[in-house]
Structure formats: structure tokens, C-alpha cells
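J.: If you want the building blocks of each chain, they are given just below.
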Amino acid sequence: MKSNIVLFGGGNHLQYSLDIIEREGKYNVVGIIDSVQPIGAILFGYKVIGRQENLSVLITEYGFDAGLITVGDNWIRMAIHDAIIEQLPNFRFVNALHPSVIIGNNVQMGTGIIAMAGCIFNPGAKVGDFTFFATGAQIEHDCEIGDYASISAGTILGGHVKIGKFSAVTLNVTVVDRLTIGENTVVGAGSLVTKSLPDNVLAYGMPAKIIRSREARERFLK
Amino acid sequence: MKSNIVLFGGGNHLQYSLDIIEREGKYNVVGIIDSVQPIGAILFGYKVIGRQENLSVLITEYGFDAGLITVGDNWIRMAIHDAIIEQLPNFRFVNALHPSVIIGNNVQMGTGIIAMAGCIFNPGAKVGDFTFFATGAQIEHDCEIGDYASISAGTILGGHVKIGKFSAVTLNVTVVDRLTIGENTVVGAGSLVTKSLPDNVLAYGMPAKIIRSREARERFLK
Amino acid sequence: MKSNIVLFGGGNHLQYSLDIIEREGKYNVVGIIDSVQPIGAILFGYKVIGRQENLSVLITEYGFDAGLITVGDNWIRMAIHDAIIEQLPNFRFVNALHPSVIIGNNVQMGTGIIAMAGCIFNPGAKVGDFTFFATGAQIEHDCEIGDYASISAGTILGGHVKIGKFSAVTLNVTVVDRLTIGENTVVGAGSLVTKSLPDNVLAYGMPAKIIRSREARERFLK
Chain A
287 MKSNIVLFGG
297 GNHLQYSLDI
307 IEREGKYNVV
317 GIIDSVQPIG
327 AILFGYKVIG
337 RQENLSVLIT
347 EYGFDAGLIT
357 VGDNWIRMAI
367 HDAIIEQLPN
377 FRFVNALHPS
387 VIIGNNVQMG
397 TGIIAMAGCI
407 FNPGAKVGDF
417 TFFATGAQIE
427 HDCEIGDYAS
437 ISAGTILGGH
447 VKIGKFSAVT
457 LNVTVVDRLT
467 IGENTVVGAG
477 SLVTKSLPDN
487 VLAYGMPAKI
497 IRSREARERF
507 LK
Chain B
287 MKSNIVLFGG
297 GNHLQYSLDI
307 IEREGKYNVV
317 GIIDSVQPIG
327 AILFGYKVIG
337 RQENLSVLIT
347 EYGFDAGLIT
357 VGDNWIRMAI
367 HDAIIEQLPN
377 FRFVNALHPS
387 VIIGNNVQMG
397 TGIIAMAGCI
407 FNPGAKVGDF
417 TFFATGAQIE
427 HDCEIGDYAS
437 ISAGTILGGH
447 VKIGKFSAVT
457 LNVTVVDRLT
467 IGENTVVGAG
477 SLVTKSLPDN
487 VLAYGMPAKI
497 IRSREARERF
507 LK
Chain C
287 MKSNIVLFGG
297 GNHLQYSLDI
307 IEREGKYNVV
317 GIIDSVQPIG
327 AILFGYKVIG
337 RQENLSVLIT
347 EYGFDAGLIT
357 VGDNWIRMAI
367 HDAIIEQLPN
377 FRFVNALHPS
387 VIIGNNVQMG
397 TGIIAMAGCI
407 FNPGAKVGDF
417 TFFATGAQIE
427 HDCEIGDYAS
437 ISAGTILGGH
447 VKIGKFSAVT
457 LNVTVVDRLT
467 IGENTVVGAG
477 SLVTKSLPDN
487 VLAYGMPAKI
497 IRSREARERF
507 LK
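Residue numbers (our numbering), protein chains in the order written: chain A, 287 to 508; chain B, 287 to 508; chain C, 287 to 508.
In isolation and in its complexed conformation, chain A is listed as follows (with noise of 0.2 Å):
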């Protein structure tokens, strides 16, 4: 029998993540938790049942015992979780898996993962929590992917690559075997990374290059 989850964010994540969900067929969605649409909105198909303040009330009234957070931006990704567990320190994330999805051996998956169609985790990967890796993601043997980081869609890492919490590794970038690239780093569409990078930065081109530093929390979607 599947069980019931919620989804935490009714914005441009939810569409494809309900996608993923209903393909995997492992998860009832009961509905939506969003701070901004109207409570009872239909979004795809699926009920905005409340704000997140009321999770404790929505639990009992919907049946759910689990969910994941359909948001996009890292830093907001961790605050959703962290109120979340403020409230209720033992609910429980699930992950979210295209069946297209390859997962090799030895591969360590964290938990409020969401994967895209066609992506592929190498052998020996390790893959933190509340990460999110878009269409075709390429992950390559032995790579470490920090919690709240997102791989953006053809993008490929090399082996035994290393990526911060927080990172964003953007479009179709190609980053070398074994570099590191540090926490809330941003790699800008198509850049070739051939160094590591450290915390902190925007970076850019091919080969990629620091074009300036970035604070915590700084969104880079637009």
C-alpha cells in the first residue's frame, strides 16, 4: 500500500516533482503546504491543504506521516526543513526518484532527495540530504554531494568530485575528476571547471573563474 505524503512548496518545483512521485508510485500525495497560494487551490491536480505552521493539525487531519520539500532554492530548502523539525523533530523526508534513474553500487542516498528523469549516480557516490539533481544529472564514481545542493540538468561531475552544502552547480556544467568545489558555491550554465573552488563564490566560464564572492543565503534562481 503507499503511503501518504505531503509536499512542502507549491511553486515551480511542484510540477515535476509530482511527476516523479506519481511515476515511482511509492507515495500518496494527500496535498500542498505553501505560505503563499490559497488554501484549496488546486495546483496539477493536487489541494493546497495549509500553512506550515498548522503541520501538526494538517498530520492528524490528512493522514500523512512523511513529505518533501518541492522548492528549488537551497537556502530556502534547509529553512522549510528546520521549522519543520522546530515543530516536529521526528517527521519524516522521503526521496523522489525518477524510474529512469540509475543508482550503481554502493551508492549512498540521503533522505528529501529529488532526481529527475535520466539521472545517473555512479558507483561509490555519496549523496547528502535535501539534495536535488535535475534532468540527466551525471554523477560520476565516488563523488560527494553535500546536503542542500542542486545539480542542474546535463551536467556532469567527474569522478570523485566534491560538492559543498549549499552549491549550486548550474546548466550542463562539466567539472574534472577529483576537484572540490566548496559551500555555497555557484557554477554558472556551461562553465568547465578545471580548478577546485572554495566557499562563497559565483564562478563562470570556461575554464571557469571567480567572478565574486556570495554571502550565506543568497538566492540564485531567479
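Check the hints yourself; a few may be wrong.
Stated by the list, open to error - One-sided excerpt, in silico: chain A residues whose CB lies under 10 Å from chain C:
(1) Q323
(2) M364
(3) I370
(4) S386
(5) Q424
(6) D428
(7) G440
(8) I442
(9) V479
To be verified - Below 27 Å or equal to it, Euclidean Cα-Cα: the simulated DSS-like pairs (lysine-lysine) are:
(10) A:K481 - C:K495
(11) C:K312 - B:K495
(12) B:K495 - A:K495
(13) C:K481 - C:K451
(14) A:K495 - C:K495
Calculated from the structure, these hints are not laboratory results.
These numbers come from a predicted model, not from an experiment.
C-beta atoms are modelled at their ideal positions from N, C-alpha and C, and glycine is treated no differently.
Position chains B and C against the provided structure of chain A, taking the given hints into account.
T.: Below, chains B and C without anything else, positioned relative to chain A:
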């Protein structure tokens, strides 16, 4: 039971179109209509059965009621389409989608589409008629692809990208989220598109820059 | 019944080669032959059974009749192959193709090939012996890949591209249709190849330029 179709075009596109159709297993190809190849010639196991101007006779003789235009040039696909419809306004076109192609929720697929192995169409995408998608093209959520456009192998269109009619986004291009590429525009291989592009230009580079203007019906394939 | 094979090489290539072989389910790996790892050591659950110079004895002891060379360097794969064949001219090599690999019509596959998850070989391609294809390599129609060549993750070879023996096209490279890359040539990560490249060079960039010449047997992996 498989329905009978005919293919229009005996050139470079034919081999992989046949591969897709055979694997999809929905259609029986009764033959190829081509303006150059000798009638009776066997191409990849299928016979050239005649010229397009004799379509009505060929339909009776070979018993097909639909077809697919297997030609790479975007403008020539339109010219063939228009000539067919002038003769037979109700002629029907089918799609050829490799079994590995992934189509998300709420995707609107037109007709006459060819999509090669590994293509991914994410939720909310609108895909025009007589479009062509080469190996592993990744169409993110809510993209709109105009009629007779083509997206080459490994190319990644970010979310909400719009591609105009007849435009060709070539090999391994990255188009950043929410940009628009006009009609009859060609984006060169490996480009990173960071700003919207107008109609009737050739652009390439990283980031892509407009190199020159393009004529209507100008060919882009060598 | 699965046939018994041995793997030559206990380094970086071993983990994902085992992953492929286990998922493919055609072969039973009786052990690993390596020149450095201690005999009796267990690597990813498989035992190092001996040295290559004792191959005849090991065949009798472990009952295998075929093998696969699981080494990343293109020249070393050849050196190992040649030493094996000198001892046992009829020794047989198998392929390891991840179950997700797509092979089109009229593709000619050699022997001793490793292809990781998501690779696509389009119709008409000719794939040489002892070649290696990393995650998601896309080989378009009618390509020809020389013996001992390697194509890294996410790399896209356009239609009718030819790659010479021992050459390495590294991560996320784009090679435009109908170009030829010579023998023992290395193309750096993220490059766009717009002109054919001769034998024995290192080239990279966008577009790729020749950076320096290369010696025969020069290594390209760090």
C-alpha cells in the same frame, strides 16, 4: 495490428528513423518515397516505392494511410509537408519516438515528430509539429518548441524556454531558463545561450553572440 | 548458465566495471588479476587471484575461459592485451555493457568494450576493440571508434565522426558531424571540436585548438 506508413526521404535521416520505428513497433513501413533515389532501390531493407507526385496512386498500391517526413533540413520538411497536403489535405502524419524517450505529465506532443534515443520532455512542455530531436536532447519543464524546429544531440533547454519555428539548436547547446529563441534562427554547436535571440540569425559561442543574419529557407546542414 | 570470466586490473576502473557486469548478469567474475594488489585481497567483494604471468595456471585453478581488461589508460589496456595474447593466443575477451546502454541497428561492436550507464550507440556506428565509454557518452549514427580509444562522460560525437586508435575524448566534449580525430590524440574536457584533428596531439578549448604534440604511449589520466 500495426498500421502501414510510408516515409518521405531516403537520405541521412532514414537509417535512424527506421531504427526508431522498428523498436517502437507501432507501424509497418511499406516503403520510401524519395525524389532522387532510384525507384526499386533497397535502403536499409526498405524499398523506394516512388515519387511524391504519385502519392495518390502509391497509397492505393501499397495500402498506407499515414506517413512521416524523414528529412533533416527544417525548411525542406515544411516544403514536403505542404506539397503532400496540397495533394491530399487529409493525409495523416505519425510520430516516431524511440522507446527510451521520456515524456512527462502535461506534455503536448504535435504530429510528425521524430525523437531519437534518450530524449526527455519534461512536464508542461509543448512540442510543435514536424519537429526533430536528436539523441539525448533534454527539454525542461514548460518549454515550447515551434513547428519544424530541430534540437540536436545532447542539447539542454532550461525551463520555460521557447524555440521559434524552423529554428535549429545544434549539438550540445545550453539554453538558460526562460529565454526565447526566435524563428529561423540557428545556434551553433556547444554554445551557451544566456540572452534571448531574435528571428533570422546565426549565433554561437560562449556566451552565444549573433554572427550574422539568415535568409528564410536558408539551409543549415552541410 | 553464466560463464566465468576474470578481470585484469584492480584500480579505478574496477568498481564500475563490476557494477556493469553484475547488472548485465551474463558473467560470473571468478577474481581479479592485478600486478600491484596483494594476492588474496578482496576488492569490492572479489578476490585478487594472482598475477598475469601465471594466467595459464589461474585458468585451470579458477575455471574461467574469458576476461575483460578493466584499466582506464588506453595504452596500458593494449599492453595488457598484448601480454595476454602472447601467452594465450586464443584467450577470449567479453564486453561489459550496462543494461541501460542503447545500441541501434547496424552497429558493429568489437570485443573487450566497457560501456557505462546511459551510453547510446546510434545506427551504423562501428565500435573498435578494447574501447571504453563513460556515463552517457552519445555516439551518433555512422561513427567509427578505433581500438583502445576512450570517450568520457557526457561526450557527444556527431554523425560520421571518426576517432583514431588510442585517442581519448574526455568529459562533455562536442565533436561536430563528419570530423576525424587522429590516433593517440587527446581532447580536453568541455571542448568543442569544429575541425578535424591529426594524430598525436593534445587539443582543447572552444573551439578546440592544438596545444602540443603527444608521444606514443603517453598517459593522459592523472
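J.: Hint by hint, note whether the structure agrees.
T.: Cross-check of the supplied hints:
| no. | hint | result |
| --- | --- | --- |
| 1 | Q323 | violated (36 Å) |
| 2 | M364 | violated (29 Å) |
| 3 | I370 | violated (34 Å) |
| 4 | S386 | holds (9 Å) |
| 5 | Q424 | holds (5 Å) |
| 6 | D428 | holds (8 Å) |
| 7 | G440 | holds (7 Å) |
| 8 | I442 | holds (4 Å) |
| 9 | V479 | holds (9 Å) |
| 10 | A:K481 - C:K495 | holds (20 Å) |
| 11 | C:K312 - B:K495 | violated (50 Å) |
| 12 | B:K495 - A:K495 | holds (20 Å) |
| 13 | C:K481 - C:K451 | holds (18 Å) |
| 14 | A:K495 - C:K495 | holds (20 Å) |
Of the numbered hints stated above, those contradicted by the structure are hints 1, 2, 3 and 11, listed in ascending order.
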